Amino acid sequence: MEILTPSPEVRLTVAQCFRTLTTSTDPKDLVPALQTLNSYLDEGPGNKTTSSQRAEFRRAHFTRSLQFLVSNIQADWVHSLTATQRSELWDGLFLKGPPEQALLVLMDGIGEQSASAGLDHLVSITEKFLQRCRLADLLWYYCQQTSPSDSPQLRETLLGRIVCLPDLTANKLHLNNKPLFLPQQYYPLLAAEMFTALEKTCQALKDGTDCSLTFVAQTLGKVCVQGHSGLVLAVMAPRLSACSRSDMVWQRVSWKLFENVPQRWVESVLTGLVQAVNGPEALGRIIGNLVLTNKKAQFVITHKMLLLQYKYETRVLRIILGYLAADKDRRPLLIQVLRSVSQAWANPSAVKHTPLEQQLYVSKALLLSVSLLNDSELQELRSDLIHCMLDGMQSHLDSSVVRIRHMGMVVGECLSSRLDIGGAALKFEYDQDEETRELLSLMTPGTGDEPEDEPVNVVDSPQETTETTPHADSEASKVDPDSDLDSDDELTPYDMSADQELSKASPPRYLRDCLETLTSSDDPVRVELSLRAAEGLVRKNAFAAKEISVQLTKVFLHLEDKYNLSGFLSLRQSTMVALTVIDTIPVTQYLTTEFYSLNYSLRQRLDILEVLSLAAQELSKPITETKDQLISVSNSSSADLNPYPGDNPVHWRQEVERRIQSKTRRLTKGATKPPAKATPNHYAPVAGHFFFPLLRNFDKPQVTFDLLGTDHLVLGRLIQTLGLLMHLAVNAPIAAQMGRALLDFVWAVRYHVDQTVRRGVLFAVCSVFLSVNSQNLLVDLSDQLFETRTWLADVAEGDPDADCRSLAVQSLVLMDQSLKKQLQDPQALSLES
Amino acid sequence: MSSPAPTPVYTLRGAGGPLNTLHFSCHDADTPLLYSGSGKGLIHVWNLNTRRAKKIVKGHSGNSIIWVSTLQSTDALISQGRDMLVCLWDLSEGRSEMVDSVWTGSVGFCQCSMLEMSPGNHLLAFPGEQTEEIKIIQLPSKTPVCTLVPDAKVGMVMCMKLWQPDSGLGPLLVAGYEDGSLLLWDVTQRSVLSQAKAHPEPVMCLTFDLKRLRGISGSSEKNLSSWVLDGQNNLQLQDNVTLVNPGISQLCIRGDGKLLASAGWDHRVRVFGWKRLKPLAVLQYHTDMVQSVAFSDHQDPRQRLLAAGSKDQRISLWSIYNEGAETG
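Keeping their order, the protein sequence lines are chains R and D.
All residue numbers for the first sequence refer to UniProt numbering, where the first residue is 1 and numbers rise by one.
All residue numbers for the second sequence refer to UniProt numbering, where the first residue is 1 and numbers rise by one.
In isolation and in its complexed conformation, chain R is listed as follows (with noise of 0.2 Å):
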């Protein structure tokens, strides 16, 4: 064991050489011992050096004469060398000497030099350095110590410089970094550095030698931790998937590879792997039985990346769950998934208060699991599978919200299906968009063969194309040459779309008629008739209309659709927003009233504060506009009628966006528009009539009617139609009482479950803010504002629906701007003081 004896032969001419070098100016002596240092790093045969002599050199000496070379880059005599002995014994030292030391020397060097000719120097022997493969070199050397031989420190700063040299070399090079270093292809490489280090650790496996596979691992770990794992694991994860298709050794070293990340990483790789790799066979072929061995992976896998993160695409849904269904070892996991995420599905408290995209996310992962079973499993389930189906189910179709409740319709259709109850699947109407195809498609197994990673070399068959384009030409001209030219194509038709079925009776000419009809006659077409006209008769003569107006609106509020007439509800709701327009107090008095009333169905209720939106906008529309075309305008709302009132949102939505826009000052546009000025309307002396009553009962719960109870979806209309009334009472008088009143009113129901509630309330908020002027803001409403500030800033923060959220930091916006205009405005402020 003569080589663990130091040799003080070698210390001797390493201390030699440097005092040449630091005192010599010539390059006669120089050069010599330039050569010397090199020697022992030579393998080549011509070598006077020993090996123990190279040995003990590599472990004793090399370091500190890098070291010496680097202090020594502004010395006179690296100037006075030739470019070639330069390149060949200065930068040969750093290039053939053990890497992982001169990797370390290299980078240190980098942090210290400032800016100068010796920096471009090392970076440009750096840039050699990772050109020449060294740090597959190094980590190869790492793979062949099976116990470690250095300190863990030394160990833990040379993976800190492997895997952060791009943000190393940048914080000191700024805009002069080579793009060698930069991330996307820094880490590339490293990836392709790994892999040939994986692949030489193979290599030796077949010829029968330990290796070791740690430090390679936490090279992987903490690229990935910092946050690289996608630029490495593109690289990565398709030759690994490639190369253990058919090779067992591979697969192992694969499997070691990912057993010996540590566990503080483990999320990271894992995570970043399922997102690379292009099919569950090749997660299984890499990562083995990982999720059974590794604690920490299965928690990532089984219950991180289904049931707390969403935001991966169903690709890796599909890429996980396939994973656990694909082994028998595994096929335990998944019926625990299984049981999980049904429960997380199901559960009522996770509907009301998970963001719509989680619930999506979770309602995929259920469908997906339940496909991935088979009839044994689907037996042993089946009571935990049909409870959830039932509660969660339930818990969806209470949802106010229209994809929560398609979601569950769609699941519930699918896991019925699958269950096979007696035969009788569930069968929901919806609408069918892009969601609901995309869950259900999920119940169809995926496309199965997974994309071959190697492109198999095609020879590409152009010709064979080409060849077929022209006879498909020749047949496509050949198409229909004896088309009779001689027809009545050369005439085109008119319009014919007014070409209708005759009524034989004639619509009615008064009023009176109408209502005599809609009350007592059992005759379809009459009563078609009747309402048809109901709306024309009632805006023609409005002194007529004011006779029998509240009793018109009775009967249209309590008309029912006996003979399924097509535009029924548009026609009813029109021809009420016509009465409430023409005979205003009044109606507006019984409609208020009758909200609040025994025995009304909520959709009643929700055609009065539909009614009574409309015609409040109706009526806000400025005065100087002529009749005909206010008739004209709520004809062209009135026709697109939503059926569900408060599932589209987008109208006052758009209203709000629409006013939003035009106060919020935008530094890039230059000048804002003016926010619209004020005409007189209609609307803002009747607005009390409109607004107050509505306000009256709210918590009085009746029998049939409890709004701060079951019926959240007319306490949300109702708090949206408020917003709007306020928001139409824009420069009203009455606007700041108004405010103030709705204020008081949605402090109560603020943190409603229901995202529709708190939608409407934020609403209204916003609409209080733009409606009421800053200066009553400030005087009539400040005790009121510290509080609504802090709690919209609490909403905008943690409110689980991102509408809510971001209405609230539009609130926020107004609010502030309207404050800071009244507060810079110092007439303002001696009015208040």
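Please keep in mind that the hints were generated in silico from the structure rather than gathered at the bench.
Careful, some of the hints might be misleading.
[To be verified] Incomplete in silico selection of chain D near chain R, CB under 8 Å:
| # | residue |
| --- | --- |
| 1 | P6 |
| 2 | G273 |
| 3 | Y321 |
[Unchecked claim] Computed far set for chain R versus chain D, every beta-carbon distance over 10 Å:
| # | residue |
| --- | --- |
| 4 | S80 |
| 5 | L173 |
| 6 | L491 |
| 7 | E528 |
| 8 | L606 |
| 9 | I734 |
[To be verified] For each label pair, taking beta carbons as the anchor points, the in silico distance ranges come out as:
| # | chain 1 | residue 1 | chain 2 | residue 2 | range |
| --- | --- | --- | --- | --- | --- |
| 10 | R | Y430 | D | Q303 | 57 to 63 Å |
| 11 | D | R13 | R | P524 | 32 to 38 Å |
| 12 | R | L397 | D | A5 | 43 to 49 Å |
| 13 | D | R13 | R | K540 | 26 to 32 Å |
| 14 | R | S601 | D | R13 | 52 to 58 Å |
| 15 | R | P524 | D | Q303 | 45 to 51 Å |
| 16 | D | M117 | R | S566 | 56 to 62 Å |
| 17 | D | A5 | R | D433 | 35 to 41 Å |
No experiment lies behind these values; they were computed from the predicted model shown.
Here a beta-carbon is modelled for each residue, glycine too, at the ideal position from N, C-alpha and C.
The hints should help you fit chain D onto chain R, whose structure is shown.
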């Protein structure tokens, strides 16, 4: 896309009664005329340039006029009224006197059909005293040619059309009957050549295209039924057109054989391409049943008009699918 529904070029009012029948006479380019027969026994002669009634003929002692036509060679007017008379009028030089009359004995609404055999020599087919009987006489001699009575029970004769085929046979007559069947008669042989059941309801009107040997009939239901004569003079039913509203009072094919117009009980005139019966337009103007429709026989195709007479006492005139006029 499709242009908006057309509107009338102009309308003629003041007929003073529901309009049962229309007849154009536009050979004379200077004074194109439109004859109309009203339900109050008046025949209006409208000048289409001034758009005024040039002359009003009172006849048939106030009974409803159901058919008017002109004898082309002699410029004489012939009219059929509910007073069971067919009258021949001389309107030349401002006169309006009845020259001759034929007693038909028919109490139905079936319109006559006239065929010009040679200049000054016409055949007139009219419904006879028996409801199912058709009589044919020669004009102006008034010599009876024949009487056509079907053997089978087909009910009252509702409408008919008399023509001279190119094949050299004697004149042919197709008639629609109350039970919805069509009979093709050979006038010289006095025999039925062919029979077809075109409608489940009475045949209200029919028209026949001599060039294509193809005809079409309408009924009180929603379907128009078209049929052809094959080489053996057999009536063969062809395609049906279903309308939106039931009831057709009259059908008319334009002289060039391109358009077919139907007068509907639903106040509308429908226009079809005659070749394939493709619906082309729905003319809405009238407020009551349209009872008559006619295409004008202008020399210049661009001046051609479509006239529709309705129970609402108005005549509407339309200009559609005239070359040149279309581009406007």
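Now the hints, each set against the structure:
Among the interface hints, the one on P6 of chain D holds; its C-beta lies about 6 Å from the nearest C-beta in chain R, closer than the 8 Å criterion. Proximity of G273 of chain D to chain R holds as hinted, the smallest CB-CB distance being about 3 Å (cut-off 8 Å). Because the smallest distance between the Cβ of Y321 of chain D and any Cβ of chain R comes to about 6 Å, under 8 Å, the interface hint for this residue holds. Annotated as non-interface, S80 of chain R keeps its C-beta farther than 10 Å from every C-beta of chain D; the closest such distance is 89 Å.
Under the 10 Å C-beta cut-off, the non-interface status given to L173 of chain R relative to chain D holds; the minimum distance is some 66 Å. Non-interface call for L491 of chain R relative to chain D: violated, since the shortest CB-CB distance, roughly 5 Å, does not exceed 10 Å. Its beta-carbon lying about 17 Å from the closest one in chain D, E528 of chain R satisfies the requirement of being farther than 10 Å from that chain. Distance check for L606 of chain R against chain D: the nearest CB is about 37 Å away, which clears 10 Å, and the non-interface claim stands.
No Cβ of chain D approaches the Cβ of I734 of chain R within 10 Å, the least distance being about 48 Å, so the stated non-interface status holds. In this structure the supplied range 57 to 63 Å holds for Y430 of chain R paired with Q303 of chain D, their Cβ-Cβ distance being about 60 Å. For R13 of chain D and P524 of chain R, the Cβ-Cβ distance of about 36 Å falls inside the hinted range of 32 to 38 Å, so the restraint holds. At about 48 Å, the beta-carbon gap between L397 of chain R and A5 of chain D stays in the expected band of 43 to 49 Å.
At roughly 27 Å, the beta-carbon separation of R13 of chain D and K540 of chain R lies within the given 26 to 32 Å, and the hint holds. Range check, S601 of chain R to R13 of chain D: about 54 Å between beta-carbon atoms, so the 52 to 58 Å window is met. Look at P524 of chain R against Q303 of chain D: about 47 Å separates their beta carbons, and that is inside 45 to 51 Å. Between M117 of chain D and S566 of chain R, the C-beta spacing of about 57 Å keeps the proposed range 56 to 62 Å intact.
A beta carbon spacing of about 37 Å between A5 of chain D and D433 of chain R agrees with the range 35 to 41 Å that was offered as a hint.
Going down the numbered hints, you'll see the structure goes against just number 6.
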